[in-house]
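My request is simple: use the sequences and hints to build the entire structure.
Chains as they are written, first to last, in the numbering used here: chain A, 1 to 156; chain B, 1001 to 1156; chain C, 2001 to 2156; chain D, 3001 to 3156; chain E, 4001 to 4156; chain F, 5001 to 5156.
The hints are simulated quantities; they were obtained by calculation from the structure and are not laboratory data. Fair warning: this is a prediction, and the values are worked out from it, not measured in the lab. Yeah, the Cβ is synthetic: ideal placement off N, Cα and C, and Gly gets one too. Treat the hints with caution; some may be incorrect.
[What the hints assert, rightly or not] If you want a taste of the chain F side facing chain A, the calculated C-beta under 10 Å gives, among others: (1) Q5060; (2) W5061; (3) D5064; (4) F5065; (5) Q5069; (6) D5077; (7) K5154.
Protein chains: 6
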Amino acid sequence: MTRMLATALLFAFSAGACAADRESAPDYRARGKQALDVITGGTTAQVLAGVAETSPDLAQWITDFAYGQVVSRPQMDLCTRELVTVASLTTQGNAPRQLTAHVNGALNAGCKPEAVVEVVTQMAVYAGFPAALNGLAVVKDVFAERKITPEQAKQP
Amino acid sequence: MTRMLATALLFAFSAGACAADRESAPDYRARGKQALDVITGGTTAQVLAGVAETSPDLAQWITDFAYGQVVSRPQMDLCTRELVTVASLTTQGNAPRQLTAHVNGALNAGCKPEAVVEVVTQMAVYAGFPAALNGLAVVKDVFAERKITPEQAKQP
Amino acid sequence: MTRMLATALLFAFSAGACAADRESAPDYRARGKQALDVITGGTTAQVLAGVAETSPDLAQWITDFAYGQVVSRPQMDLCTRELVTVASLTTQGNAPRQLTAHVNGALNAGCKPEAVVEVVTQMAVYAGFPAALNGLAVVKDVFAERKITPEQAKQP
Amino acid sequence: MTRMLATALLFAFSAGACAADRESAPDYRARGKQALDVITGGTTAQVLAGVAETSPDLAQWITDFAYGQVVSRPQMDLCTRELVTVASLTTQGNAPRQLTAHVNGALNAGCKPEAVVEVVTQMAVYAGFPAALNGLAVVKDVFAERKITPEQAKQP
Amino acid sequence: MTRMLATALLFAFSAGACAADRESAPDYRARGKQALDVITGGTTAQVLAGVAETSPDLAQWITDFAYGQVVSRPQMDLCTRELVTVASLTTQGNAPRQLTAHVNGALNAGCKPEAVVEVVTQMAVYAGFPAALNGLAVVKDVFAERKITPEQAKQP
Amino acid sequence: MTRMLATALLFAFSAGACAADRESAPDYRARGKQALDVITGGTTAQVLAGVAETSPDLAQWITDFAYGQVVSRPQMDLCTRELVTVASLTTQGNAPRQLTAHVNGALNAGCKPEAVVEVVTQMAVYAGFPAALNGLAVVKDVFAERKITPEQAKQP
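Take a look at the structure:
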């Protein structure tokens, strides 16, 4: 998965109408779509459709800025980026839909199921047990949907 | 650094008078002190002294539970554990002292300065720009104290 | 809408058993009911019924204090008051029922649908994308219920 | 302390320009000032002076609503009310001045120092260790200022 | 660092027998189960089953640490501990399942229904009306399930 | 002020290397700098210098995305945008530096001092009194620095 993304990013860098300009948006849009496709498992279009209906600009910011400029930066691997996002959303505790998307995103980015469980349960120390318990409930649902057994979730 | 700690923890598992009982507290206290010494750079005693004065039990919970039972678990490396903690504290935005301790902790656990910057700046997407800016101010102070130059902070 | 409220407030000021005393509660209750009727579109009674059953005093505080003393103050128009409330609730991200009430409240107070979308999407910068996305989901439901089309939502 | 407050409340009930009307503000103002004087140890005037300078109305709401209508209700003793407030502020973790005021308030309302330590340290479970540690730092400063020794803080 | 870890390991070897040691986990597990049985009304097993399936260790931490070491401490009565937990969860506003458990827990620990209502409604002052309203909605559901009438809820 | 910004935006729209492409970054950078100069009162360079030292990319995102793509959108006036930002930051309660910047930003964007006080004090209802009190303390400092007297702060 990570190699696939790396190739994708190399490709993305060579694309775009203003290739000479490192700020050029088409660049970021291509990178953002590539990163989003890895995280959503190729369902980016459906994911953004609902947002785009009420705010096409917010959907564009997600692609161009959030994923094109930030999350797809080559300085850190996508699995670690998804784990810190899972930590942030478990801490916030009020965005179960986004947490579901990023627990899936972490697994789609090549993280081990056990790593996701470790991040969420570690939040019991830093954000409190209720945050960890509600985060774990989301993880449990994602594992069930992906047919990941508790045993597999414990394999390092 | 990470390998050294992993070895130490594996070794620690075979030590102690209650080796048969995986719940036995002395085990966890030893593991907790070891993890804390890595994270605090060997200043655990000073770090816990202030807490212990008003609540010796809270200081004990930090050693035995937070670090002995949770953070020192061998299922995930200490650098990743510190990065998700930095993400959680940057998201909360109200614990600068703890964020300072864990930015140092991430570096003491062998994380690259650049990784810490990436985690904190990525929070702009998930927790908002104010959270990322205040987190970055803490990172900047830690880097200054550790004489990490902006150039070094950019080396992957 | 705003004129209707202004008239309502003038009327409210001349009412009350302790008219001479600017603190007198009857005054505030009348003002609070007027403001609540604008915000709830005249469904104040139903809105407060559920609260009053378990805590009649909390229902009273909402009318006399929250709306009678604070939200109905003449120093700022009700549309702007509702927009800053939408910003606060989108930021908190854990009160979808109240956000639904105040997205409706903003529209009932004469705010343009586009202004509500602008406030919620701007929160992506200050509270993070997950907060903005969940806020926008509430806006989308309210627009659907009020038969506001995406096109209308874009008319300034 | 509790008896003093009880007497104060009885007195307050018989006062006020609209004595027949249980909502009448003067009633609440008297009750609010009495409760505030217990919590602030008689320094209410100084405490509210800073607020009143920029927003006299907010200062009035604190007296009439927050303390006159809510905190002084006879249904629960003032010590328990201060302990749940300390729990709320320790959980929020971003209002050290208010937490300082309410740790003092809990002690002024007759709570044992140990009870305040128990509430703040218990928040480690429900709001995370950073929240408990920062809350405890406030408690430590208040105890130091009041010359409460760690030993006294442990007496039930 | 290596020498430091070696020293730590030597310390681990010198750690003593469990039985005499007040930190010994079985102690805490027994205390934790007892406290949890009071709070859950004897349904601890069911409550922890879901958690244990995905993270048996988190379930163990809840029993041994959260309830065995913290909540069951003799320094404060269980009713007051549950009330401050209700205050923390009402303030957080994003953990309705845990708030439901602790509103039941407060009643199971012998708190008066009225005290629970007072704590939740008082949060309107410290955490805002939306937090108090959503907390009260949880209280209302618990009271309905326990057949506590609004009249009973008002008996001190 | 608003007219100045409007002119600035018209100018910005006609600039940029990829003028045909509405996503082209140079456009957004020009718009972002213009909006930032209004909000910071012309001190954008100093404001971003500290950020740029540790993370030049975060500084760029603030200019190009936060202010160039979001805050400078013509669909809502800059004063209202700053008031909803003040509401969000007062609600978060953990970013006093950013709140200071946006209280100044609201005044620089042409908001009346009284409107800023109304927004912050209204947060007492939606985010609690501690959030409103800490927000008001920031407002008080900004007013003092700008020599805005309490009397002026009350002029509508």
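Just pull the numbers of the violated hints for me, sorted ascending.
Failing hints, ascending: 6 and 7.
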